[in-house]
Structures are given as structure tokens and as C-alpha cells.
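Trainee: The chain contents come next:
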Amino acid sequence: MSTFIELVVNGVASGSVYALIALGFVIIFKATEVVNFAHASLLLVGGYLTAVLHDDIGFLPALAAGIAGAAAIGALVELLVLRRANVENHAVLAIVTIGVDIVLTTELTRRIGTEVMSLGDPWQNEILTVGGVSIPHTRIAALVVAAVLITAFLLAFRYTSWGVAMRAAAEDGEAAALMGIRLSRVSLGAWAVAGGLAAVAALFLTVFPTPGLDRSTSFAAMKAFPAAILGGLDSTTGALVGGLIIGLTESLVTGYQGDLTFLGRGAGDVAPFLVMFAILLIRPAGLFGTRELTRV
Amino acid sequence: MSETLRRPAFWALAGGTALLLALPFYLDAFWLQTGLFAISAAIGAIGLNLLTGATGQLSMGHAFFLAVGAYGYVYLASDDGAHVSGLGVPTPLAFVGAVVLAGVAGGLFSPIAGRLRGTYLGIASLALIFVGQHLLMNVEGVTGGFNGRDVPPLELFGLRFDDSPDLVVFNIPLGALERLWFLAVALLIPAAWIARGIVRGRPGRAMNTIRDHEVAASVMGVPVARYRAGVFVLSSMYAGAAGALLALVFRRTVPEYFGMFLSLDYLAMIVIGGLGTAAGAIAGAVFVSVLPQLLTRFGGELPLVSAPGTGGVSPAEAARILYGAAVVAVVLFLPGGLVGLWTRLRLRITARRRPPAPLTRLDNKEQPA
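Taken in sequence, the protein lines are chains E and B.
According to my numbering, the first sequence is numbered sequentially starting from 8.
According to my numbering, the second sequence is numbered sequentially starting from -4.
Chain E extracted, bound-state conformation:
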């Protein structure tokens, strides 16, 4: 039983990290209708900056620098690439972000090389034991930070003028522009916020029990794609639920791997994608996504 509770807690914690990534993904999609395949590389930018700087300037300033760096790169991508791409087809825009992703990921993995970098987090490998259930401090921190950030974001989305502008732009871009909302600023803000959230997620993807930031971190970040899509690409609630589903699936399948040998080794990495297949077969627009209805 205690194993089960541990797995569920771990799953919810890593799920909340996936939710952070997926949330950024959904924000960008809502604001600009672009599916950002460069999201994993934004995450890598944040993680790399934190890892390089934490020795010199301490953990929290380094994390802040990582968040600022990823946000800046995100904003730059919007400013220099997507704003200038004059194409109607959204598949082509998605491919442009793939181009950006290839450039950023190649350069960052080259810099990281074969190293495994520590991000210098204060929790290290300490473990909290409550009634026979042991949970790493990093997981608790991930859960708390993700919960705070997500709540803050949702409140801002609901009550600030930035949030209202964003929702208006997502609802009907043209009408919003006519009401005096600067769409360019909305999408710039969306990219920056998504980059910042990804940088925070980078921290929690690479802390204990993961060895650290290495080449494979961007693959770990890929698991947030099914999270975003099974919840529905245009739904913030969907991103949260999707993140939790992915986190729980991964944690449970990895934890009970011994009983699931027929799935093969490393099934925990594939299970999220299989769950996504199953959900998309039943609901092609995701759990909370708006179904595109067309009337002719």
C-alpha cells in the first residue's frame, strides 16, 4: 500500500511539472494558434542557464536568470521568426518552430556534451518519511511550486487586464484588435510566459531522483506534448488534467514494471503515449478541447 501511495504522490508531483510545460504550450496555442515544437528547447535553455550560473551567483539568482533567459529566447523567437512568417497554413508555422527547435537543441546539446549537469538545487537527495511513505523533498517542492505558479497564472488569466486581453485575443483575434488590444504584444507575452514556465519545469525535471541536466532532458520534456494534447490544445484545464494523467501513468507503470513485464523494459516512457492514443481515439479534440464544429 505504501508503495502505491509513494507512486501516486510521485506521479502527481511529476504530473504537475508536465502541467507547467503543457500550460505554456497551451498559452502559446491560444494566443497565436501556433503549435510550438520548440518548447522542449526553451526548457533546455532555462535548464542550461541555471546549471551554468548556479556556482557563481547562487541557486535562486541562477534560477531567475534561467527563467528570464528562456522567456527572452521565447520572446525573440516570436519577434524574429513567427511574426515575420507570412503564411496561412498552421502546419507550416509548426514546421518553422521545428526548425527553431533543431537549431537550439543542437547548439545546447553540443554545449552540454556528455556531461550531466547539476542545477544546484537546495533539496538535493533528502527524503521525508511520513508513516512509512517516503517522498523526496524535490517532489514536494515541485508540487508546491507548480501549484503556486499555476494558481497565480490562472488568477492572472482571469482578473488582470493582460489575462483579459489574452482571452479576448484567443476568442476572436480580429474583434480584439478592433477593441484596441495589441495582438502582437499579447503573443509576445504568451511566448515569454511559456518560456519562463518551461524554465521552472526544467529545474524539476532534472533534480533528484533524475541525475541532472543532460542530452536526454529534452526527451523528458517531450512527454508534455501528450499532456497538452490529451487535455485539449486550447484548454488550460486540459493542460492540468493532461499533465496529471501523464505523470500518474508514467509513475505507476514504472513502479509496477515488475508485474508488467509483457510490456517490455522502459514501458514507463511509452505508456503516456499509449494513453494519449486511447483518449484521442474516443475524443479526437482531447478531453477538454473545443470540438471544431463546421456547419455548411
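Please note that a few of the clues may not be correct.
Which chain B residues stay away from chain E? Per the calculated CB distances, all over 12 Å, these [claimed, not checked]: (1) N142; (2) F152; (3) V285; (4) L336; (5) A346.
Quick look at which bits of chain E chain B covers, simulated, 3 or more residues with Cβ under 8 Å [to be verified]: (6) 261 to 275; (7) 287 to 295.
Partial pick of chain B residues on the chain E-facing surface, computed with a CB cut under 7 Å [stated by the list, open to error]: (8) R110; (9) L111; (10) R315.
Everything labelled a hint here was simulated from the structure, so no lab data went into it.
Predicted model, so just to flag it, every value in this text is computed and none were measured.
Backbone N, C-alpha and C define an ideal beta-carbon position, used for all residues, glycine too.
With chain E's structure known, arrange chain B on it following the hints.
Mentor: Same frame as chain E, but now just chain B:
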């Protein structure tokens, strides 16, 4: 026929084919191998361009179908070994079987492919890569697991596509690479020709309409779901042929090769070359497969590029960054890719050479009385 003979396009095509057939007599092994990669990539890219370029269905799972083709061929053609099993089918049949198998894999995915739109499909097909990697690593009896397995050489009408027995033509010894080159050209030409026919004909019109506006397409009587599933199967079969050919060139299949980066490479190819045409796919495939080799060969003379392992930018990485940037640059500045650039150049030249035809008589006719 005389009409055909007078067209410059016909002569360009004939000249190009002759050049392709003459190349193995002059190129060394390094460039032959590069060229073989480029040709197999071209076949795969043509398939992806039918799907993503012409029909607008974003697929990030192309590498999965390449893997099905490669491993399908190996499994069908090999005999039972100590750790791995095989069916021992005659190798040409195995090649065809691999292509069919890839098509079947595409068909099995079509319940998902036929229902999802654009980006949803892109990410769902990304999942194929991860599932594929998992299968390649774990179904060791078929795939050989992490270490992969050897590829039996193809044998067609008594000719083995291998280094032995010796075969000398015009005093040039034709080894495995040279022989495979002819096979690859013999596959590329029908592949491109069929795709060109599809894109230019009635199905192509239907596919482009689906890309531009699905509702409009279905209103005009295009069976959208059937077309989307059909194109998916066809594109997977192209990928299967490319994968089987690659396996023959590599002589060993390893799971690592068929990862996500391969899928991204193929998307880069069709964007750089030009979306929606067979010629674009070929141009892009040559660009993306030859660039890293060029940088490897001549990287010493280039600034910023250094040998692998010295800490600088290795040729492979430099190539990757370059074509990542090329994808962005093409979409921003060069709509239509390399092929679009060529078309525009040609139009400009012909416009300069020939003054615009007088339209006065037609204009007069069209005047209302």
C-alpha cells in the same frame, strides 16, 4: 512523340538519368554512400511530401515507417539465427513485403490519422516514434534489440548486391555500393514519376483541396476521410521502400537511427525543397543529406567548424544548425523552397527572352457587341 522530343524538359530528364547512371563509374565510395543516402532519403521525402506537403497532414512519425520498412526487410529476408528469427523469404519478395508491411502499419494507424486534424495529428504521430523505439528495443526476436541486426544482401535475377562475386564493367569494378546505386536509381525514378502523376492528376487536386479547406473539399464531393487514410498508407509505403533501401546501404539496422531526429530531418527536407511536389522532396533530400558530408569533407577549410571531439562545432552539428536555420529562412524568405526559387528564376528568364504575346485580337473578341 516528336512533340515530346522537342520539349526541353524531356531532354533535361533524359540527361539527368544518364548522369545518374554514369556517376558510379566516377565517384569514390564516400560520395557513393552519400549519394545513396540522398536517393533513399529522396524516396522517403517524396512520400512525406505527398502527406504533409500536398495534403497538409503534419506527420512527425515518418521515421517509424522507415523503421518498419528496414526491419521488415531484414525480418523477411533473414534466416533463423541463434538469437533472432526470420522467415527466409527470397530477398526481392522480402523487399516488396517490407513496402507492403509499412503500408499496413500506416493503415493500422489510419483510424487515428483519419480523425485528427493538423497539429493533433503531428503530436499523435510523434508518439509513433516513441512507441517504435520501444518496440525496436524490446521485441528482440525480430529486431535484435539495442544492437540491431545484419541485413542480408538483395539478390535479383542472379545478381547479388554485394561485393562478391566480382563484377567489372568498362574496367571499373562494381562493388556493393555501385550495384545498389543502380537499384536506387531504378527505384527513385518510378517513385518520383508516380508521385508526380498523383499530384498533378485528379487525386492531387483533391488532396490540395483537403489541405486548403477540408469542408470545401467534402462539399465538392471529395471523400475526405478515405483520402486522408489513403495518402497516409501511400506515404508509409514510400517510407517503407526508403527504409528497406537504407537498410541495404547500411548493411546493419540499429534502432538509434530511427529516432525523432530522423523525422525532423525529413520535415526539413520537404520544407527546404518545396512543399507539395516530388521535385521539391528530391531537392530537399539532396540538400539535407549532402550538407553534413560536405562539411565533413571540407570542414577543415571552413571557419567555425572543427573536428568532432575537439569541443568546437562538429561538422554534423554545424550541418544540423545550418539546415534548421534553412527551414526558418525558407519559410520566411523563400516560399516554395528551392523548387519555388527555380520556378521564379525560370519565369524571369523566359519573360525577358520573350516579349509578352499580344492579346489584342482576343480582347476585341471579348468586347460585348
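Trainee: If you check each hint against the structure, which ones fail?
Mentor: Violated: none.
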